[in-house]
Amino acid sequence: MLGYTGYYKGKRVSIQGHGMGIPSIGIYTYELFNFYDVKTIIRVGSAGGLQPGMEIGDVIIGIGSCTNSNYAAQFNLPGTYAPIADFGLARKAVDIAEQMGIRYRVGNLVSNDTFYDADPTALKKWAEMGCLAVEMEAPALYMNAAKSGNKALCICTISDVPGTNIAATPEVRQKGFTNMMEIALSLI
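Numbering (my numbering), first residue to last: 10 to 197.
Incorrect hints may appear among the rest.
BS3-like cross-link-like pairs, simulated, lysine-lysine; straight-line CA separation at most 25 Å [claimed, not checked]:
| id | residue 1 | residue 2 |
| --- | --- | --- |
| 1 | LYS156 | LYS101 |
| 2 | LYS156 | LYS48 |
| 3 | LYS184 | LYS18 |
| 4 | LYS20 | LYS48 |
| 5 | LYS48 | LYS18 |
| 6 | LYS101 | LYS160 |
| 7 | LYS160 | LYS20 |
| 8 | LYS184 | LYS48 |
| 9 | LYS20 | LYS101 |
| 10 | LYS134 | LYS48 |
| 11 | LYS101 | LYS18 |
| 12 | LYS18 | LYS156 |
| 13 | LYS20 | LYS184 |
The hints are simulated quantities; they were obtained by calculation from the structure and are not laboratory data. For clarity, every value in this text was computed on a predicted model and none was experimentally measured.
Kindly generate the complete structure, drawing on both the sequences and the hints.
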């Protein structure tokens, strides 16, 4: 997996790919937090919008992440764990989005192990519970951060609306998703 370290506006940053899905990001973030002394990870990526009024390009700041994954089972907790972001990072991301005039929403994500779910009603059920968008990585990131005593945040850009024909073109995906990246890089 490719990773790069360089400078952004004079600040040293590392950018690391993490693959697709909870198991993949689980490996990379575990190793970054536990083997490389990384203290903060901010994930950026695309997500499918689940709530009315969402538009392609809207930024979602994921303060929590529901999931159909069994990732938390490894911790043998005596109940259900609610993976959440670091509040300080989320608060600062909101401030930056407002200063930049970026359309954003803050709330729960849902992170699925399945990209093409056999249950056509699954996303509707998550939307009814207030989940803003669907993606595939946030809970493992948040759990690994919590377990290692570090900080994490997931910032997504709406790329499509599942169950509709609304989707960003390849050109928009390539050139139009920079707002989430600007927010993330400004958090450093």
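Against the structure, the hints:
Between LYS156 and LYS101, the direct Cα distance comes to roughly 23 Å. Compliance with the 25 Å bound is thereby established for this hinted pair. For the given pair, LYS156 sits about 12 Å from LYS48 by alpha-carbon distance, which is consistent with the 25 Å threshold. Restraint check for LYS184 and LYS18: the C-alpha separation of about 20 Å stays at or below 25 Å, so the hint holds. Restraint check for LYS20 and LYS48: the C-alpha separation of about 15 Å stays at or below 25 Å, so the hint holds.
In summary, the hint linking LYS48 to LYS18 is supported, as the alpha carbons are separated by about 20 Å, within the 25 Å threshold. A threshold of 25 Å between alpha carbons decides the hint, and for LYS101 with LYS160 the separation of about 13 Å falls inside it, so the pair holds. Proximity of LYS160 to LYS20 is assessed by CA-CA distance (about 18 Å); at most 25 Å being required, the pair is judged to hold. Pair hint LYS184 plus LYS48 does not hold up; C-alpha atoms about 29 Å apart against a cutoff of 25 Å.
Distance restraint check for LYS20 and LYS101: the Cα-Cα separation of roughly 17 Å lies within the 25 Å cut-off, and the hinted pair is therefore satisfied. With a CA separation close to 35 Å, the supplied pair LYS134 and LYS48 exceeds the 25 Å bound. Under the criterion of a C-alpha separation no larger than 25 Å, the hint pairing LYS101 with LYS18 is consistent with the structure, at around 18 Å. Between LYS18 and LYS156, the direct Cα distance comes to roughly 31 Å. Violation of the 25 Å bound is thereby established for this hinted pair.
Restraint check for LYS20 and LYS184: the C-alpha separation of about 23 Å stays at or below 25 Å, so the hint holds.
Taken one by one, the earlier hints fail for this structure at numbers 8, 10, 12, listed in ascending order.
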